[in-house]
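Chains Y and F are the protein sequences, given in the same order.
Each residue of the first sequence is one higher than the one before, starting from 0 at the first, in numbering that gives the first Met the number 0.
Each residue of the second sequence is one higher than the one before, starting from 0 at the first, in numbering that gives the first Met the number 0.
Source of the hints: derived by calculation from the structure; they are not laboratory data.
Every residue gets a Cβ at the ideal spot worked out from N, C-alpha and C, and that includes glycine.
Watch out, some of these pointers could steer you wrong.
DMTMM-like cross-link-like pairs, simulated, lysine to aspartate or glutamate; straight-line CA separation at most 25 Å [to be verified]:
#1 Y:135 with F:128
#2 F:135 with Y:50
#3 Y:143 with F:58
#4 Y:135 with F:44
#5 Y:198 with Y:76
#6 F:62 with Y:146
#7 Y:143 with F:34
#8 F:198 with F:12
#9 F:41 with Y:44
#10 F:143 with Y:44
#11 F:41 with F:58
#12 Y:135 with Y:76
#13 F:198 with F:142
#14 Y:143 with F:142
#15 Y:62 with F:180
Only some residues are given here: those of chain F computed to face chain Y with a beta carbon under 10 Å [stated by the list, open to error]:
#16 22
#17 109
#18 155
Protein chains: 2
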Amino acid sequence: MAEYRLHCFAQSDNAYKPALMLELCGASWEPVFVDFFHGAHKSPEYLALNEMSEVPVLEHQGKVLSQSGVILDYLADQLGWFAPTGEDERREVLRWILWDNHKLTANCATWRFLANFAPEAMRNPDVIDFLSGRAKMALGILDKHLEGRTWIVGARMTVADLSCAGYMFYENEYPIDWGAEYPNFVAWRERIRVLPGWKHPYELMPGHPIPA
Amino acid sequence: MAEYRLHCFAQSDNAYKPALMLELCGASWEPVFVDFFHGAHKSPEYLALNEMSEVPVLEHQGKVLSQSGVILDYLADQLGWFAPTGEDERREVLRWILWDNHKLTANCATWRFLANFAPEAMRNPDVIDFLSGRAKMALGILDKHLEGRTWIVGARMTVADLSCAGYMFYENEYPIDWGAEYPNFVAWRERIRVLPGWKHPYELMPGHPIPA
Chain Y
0 MAEYRLHCFA
10 QSDNAYKPAL
20 MLELCGASWE
30 PVFVDFFHGA
40 HKSPEYLALN
50 EMSEVPVLEH
60 QGKVLSQSGV
70 ILDYLADQLG
80 WFAPTGEDER
90 REVLRWILWD
100 NHKLTANCAT
110 WRFLANFAPE
120 AMRNPDVIDF
130 LSGRAKMALG
140 ILDKHLEGRT
150 WIVGARMTVA
160 DLSCAGYMFY
170 ENEYPIDWGA
180 EYPNFVAWRE
190 RIRVLPGWKH
200 PYELMPGHPI
210 PA
Chain F
0 MAEYRLHCFA
10 QSDNAYKPAL
20 MLELCGASWE
30 PVFVDFFHGA
40 HKSPEYLALN
50 EMSEVPVLEH
60 QGKVLSQSGV
70 ILDYLADQLG
80 WFAPTGEDER
90 REVLRWILWD
100 NHKLTANCAT
110 WRFLANFAPE
120 AMRNPDVIDF
130 LSGRAKMALG
140 ILDKHLEGRT
150 WIVGARMTVA
160 DLSCAGYMFY
170 ENEYPIDWGA
180 EYPNFVAWRE
190 RIRVLPGWKH
200 PYELMPGHPI
210 PA
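Next comes chain Y alone, as it looks inside the complex (with noise of 0.2 Å):
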């Protein structure tokens, strides 16, 4: 059995952001289906693993762990990669990871799935403009920050940059010209994608297509 056990499913951009760190590190990871198009994170085994009715949920040596944050964290721990160096810097990551769940991530996924995923009655187009418009802000702000840089905190990739590169290579699926928009976060994401061991989230996580 694998070290790591990752439940997750293909199209979640929060379970992709540590299915990615699991990759790249080369860690002994195995993805747990949840199928969360036929309702599986709302059964009662799912939210005994987790309340908060969510993907991911990591388990490792008998922890459960859940929000994509605080797995990322414990994974920098455990295996030494993309963690932080100092207090300072600790908190510069953890300033970025709230703000791609509370800014970026929450809008931008939001949006994503319901102009792609949603039942055709939920598509209602004055929500899908609403949330991305705060999608689009919030990309603008990453854009300029990333503007002379290479990666968002410090010299080194770290988990603020997996955090915030969760959804981002689903770009298909959102109606953005991102070369000519967000030209800094664009090539901030290719560097993330010629590292060795990258893969597209359709094929690191299982579920994809969605099944019948």
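For chain Y, the structure is supplied; the task is to place chain F on it using the hints.
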């Protein structure tokens, strides 16, 4: 001059989190008013403090910190109050702070803003419905978690409680029958309201009522 300077405004649930912590700890602090409703958070001076264009920002001994979760973490270290004990508890506290940012505050604050403070043209009922649905889902998860518990993590109040409590004292600004819908949540809120030194956000931070 006070030891801590917190850039904030009365209506900000995110600023209230560290403001309440500073007050409960009896710290030497002063609020610095950010005139959000007249766009002060978008000024070049403010963006030089926080490129994310958000409140709160904490200034302390030459450090400039943003994101309420980072500031709470910093204050817990500095002041010795409300800090988690050990690595497992630290991650459990971080889990709830991340969830608060992603699911609870993100939806509650945006819903409250649109319903109470936004210009008429922005108050789209479909968007408000969407956000309130997601906010109520989050409130339900927290209410369930608090069943049989005194505090969110462990046996003591921690920064996880301060984070999740950020917006909840603006209770009259939501069309929710709190006691009927979220009884465990309300009992927990009242435990915070009776703490020595507790103040309502409109008393603790400047800018209420909104300047013309």
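Hint check results:
{"no.": "1", "hint": "Y:135 with F:128", "verdict": "holds, 22 Å"}
{"no.": "2", "hint": "F:135 with Y:50", "verdict": "holds, 15 Å"}
{"no.": "3", "hint": "Y:143 with F:58", "verdict": "holds, 23 Å"}
{"no.": "4", "hint": "Y:135 with F:44", "verdict": "holds, 23 Å"}
{"no.": "5", "hint": "Y:198 with Y:76", "verdict": "holds, 23 Å"}
{"no.": "6", "hint": "F:62 with Y:146", "verdict": "holds, 23 Å"}
{"no.": "7", "hint": "Y:143 with F:34", "verdict": "holds, 24 Å"}
{"no.": "8", "hint": "F:198 with F:12", "verdict": "holds, 13 Å"}
{"no.": "9", "hint": "F:41 with Y:44", "verdict": "violated, 46 Å"}
{"no.": "10", "hint": "F:143 with Y:44", "verdict": "holds, 16 Å"}
{"no.": "11", "hint": "F:41 with F:58", "verdict": "holds, 18 Å"}
{"no.": "12", "hint": "Y:135 with Y:76", "verdict": "violated, 33 Å"}
{"no.": "13", "hint": "F:198 with F:142", "verdict": "holds, 23 Å"}
{"no.": "14", "hint": "Y:143 with F:142", "verdict": "violated, 39 Å"}
{"no.": "15", "hint": "Y:62 with F:180", "verdict": "violated, 33 Å"}
{"no.": "16", "hint": "22", "verdict": "violated, 22 Å"}
{"no.": "17", "hint": "109", "verdict": "holds, 8 Å"}
{"no.": "18", "hint": "155", "verdict": "violated, 20 Å"}
Against the hints set out earlier in the document, violations occur for numbers 9, 12, 14, 15, 16 and 18.
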